[in-house]
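*Asks:* Sequence:
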Amino acid sequence: MLLDAAQQLATPQGYSIGIALLLAVWAYVGIVLNLGPGLWWQEALVAGFVTGVVVGDIPLGLSVGGTLTLLSLGLWTYGGATIPDFQTGAIVGTAVGALGGGIPAGLAVAIPTALLMTQADVLGRAVTTVFIHAADGYAERGDQRGLSAMHLLGQVPWGLTRAIPVFLAVWLGAGPIQSVIAALPAWFTHGLQVTGTILPALGFALLLTMLPVRRFWPFLIIGFALFAYLKMPIIGIALVAVAIAFLYQMMQSPAAGTSGSAEAMAHV
4 MLLDAAQQLA TPQGYSIGIA LLLAVWAYVG IVLNLGPGLW WQEALVAGFV
54 TGVVVGDIPL GLSVGGTLTL LSLGLWTYGG ATIPDFQTGA IVGTAVGALG
104 GGIPAGLAVA IPTALLMTQA DVLGRAVTTV FIHAADGYAE RGDQRGLSAM
154 HLLGQVPWGL TRAIPVFLAV WLGAGPIQSV IAALPAWFTH GLQVTGTILP
204 ALGFALLLTM LPVRRFWPFL IIGFALFAYL KMPIIGIALV AVAIAFLYQM
254 MQSPAAGTSG SAEAMAHV
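Under the working numbering, think of the first position of the sequence shown as 4, with each following residue one higher.
Hints may be right or wrong, so weigh each one.
Derived lysine to any residue pairs resembling SDA-like cross-links, with alpha carbons at most 20 Å apart [claimed, not checked]:
(1) LYS234 x ALA204
(2) LYS234 x ALA244
(3) LYS234 x PHE207
(4) LYS234 x PRO221
So the derived label-pair ranges between C-beta atoms look like this [as the list claims (entries may be wrong)]:
(5) LEU155 x LEU214: 37 to 47 Å
(6) ILE224 x ALA142: 52 to 62 Å
(7) ALA204 x ILE20: 19 to 29 Å
(8) LEU119 x LEU250: 43 to 53 Å
(9) LEU36 x TYR232: 25 to 35 Å
(10) GLY105 x LEU76: 17 to 27 Å
Read the hints as simulated data drawn from the structure, not as lab findings.
Note that beta-carbon positions come from the ideal geometry of N, C-alpha and C, so glycine has one too.
Using the sequences and the hints given, assemble the complete structure.
*Replies:* Shown next, in the form of structure tokens:
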């Protein structure tokens, strides 16, 4: 039903202006909530799922969003650093992939989009300083209403740096993007697929560098064996990890039981 509805709203080159606006609003809301309450709406997996619902291809949205989420492991804007915008990449990649080409086409668009959005992020941060300086002026004059207005307007540049590219890519750019993808040589698209397969492993490797693997290496081997040799699903491995964590707790001495349990739960 969702797929039929989306196909009725899509043109031969792209989507209707309604779908483009809806996804643009979602991109705006996601990045703004990332600045405040969070709610994890800006995560690529969530963005891909919601986009999949809108365009009528939820499995594609989960696949594109899940792959980009693996790429984002260990990445965060520490100290104001700019990182790839995987939320926008998931939205654009899912929308384009649903028009034709599936996951390979979606990732071929999603990864460059996420990297390109780092420049838009810098632009949004720079424009926001206008409202910051204006707020300083209102604060000096004791104008609380003006100060509050600048605080609220400060999120506009952040949201528009995501909403405008998403709108243009989904509404105006879908046709040209498809043409570019169709013109790409086979070796290039295959290379992108291989890169998309390698990068999640790189994300996990970066995450492992921040964990005390040398101390808890037996747990790493158990998880690897369950997945690689016994083909156990991720949910099953997670349940085994929880059970091992409780066993680890019970084997600790009473004096170190509490701290050991917390550490085991964090790293298993």
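*Asks:* Look at each hint and say if it fits the structure.
*Replies:* Going down the list of hints, with the structure as the test:
no. : hint                        : result
1   : LYS234 x ALA204             : holds, 17 Å
2   : LYS234 x ALA244             : holds, 15 Å
3   : LYS234 x PHE207             : holds, 19 Å
4   : LYS234 x PRO221             : holds, 18 Å
5   : LEU155 x LEU214: 37 to 47 Å : holds, 40 Å
6   : ILE224 x ALA142: 52 to 62 Å : holds, 57 Å
7   : ALA204 x ILE20: 19 to 29 Å  : violated, 40 Å
8   : LEU119 x LEU250: 43 to 53 Å : holds, 47 Å
9   : LEU36 x TYR232: 25 to 35 Å  : violated, 41 Å
10  : GLY105 x LEU76: 17 to 27 Å  : holds, 24 Å
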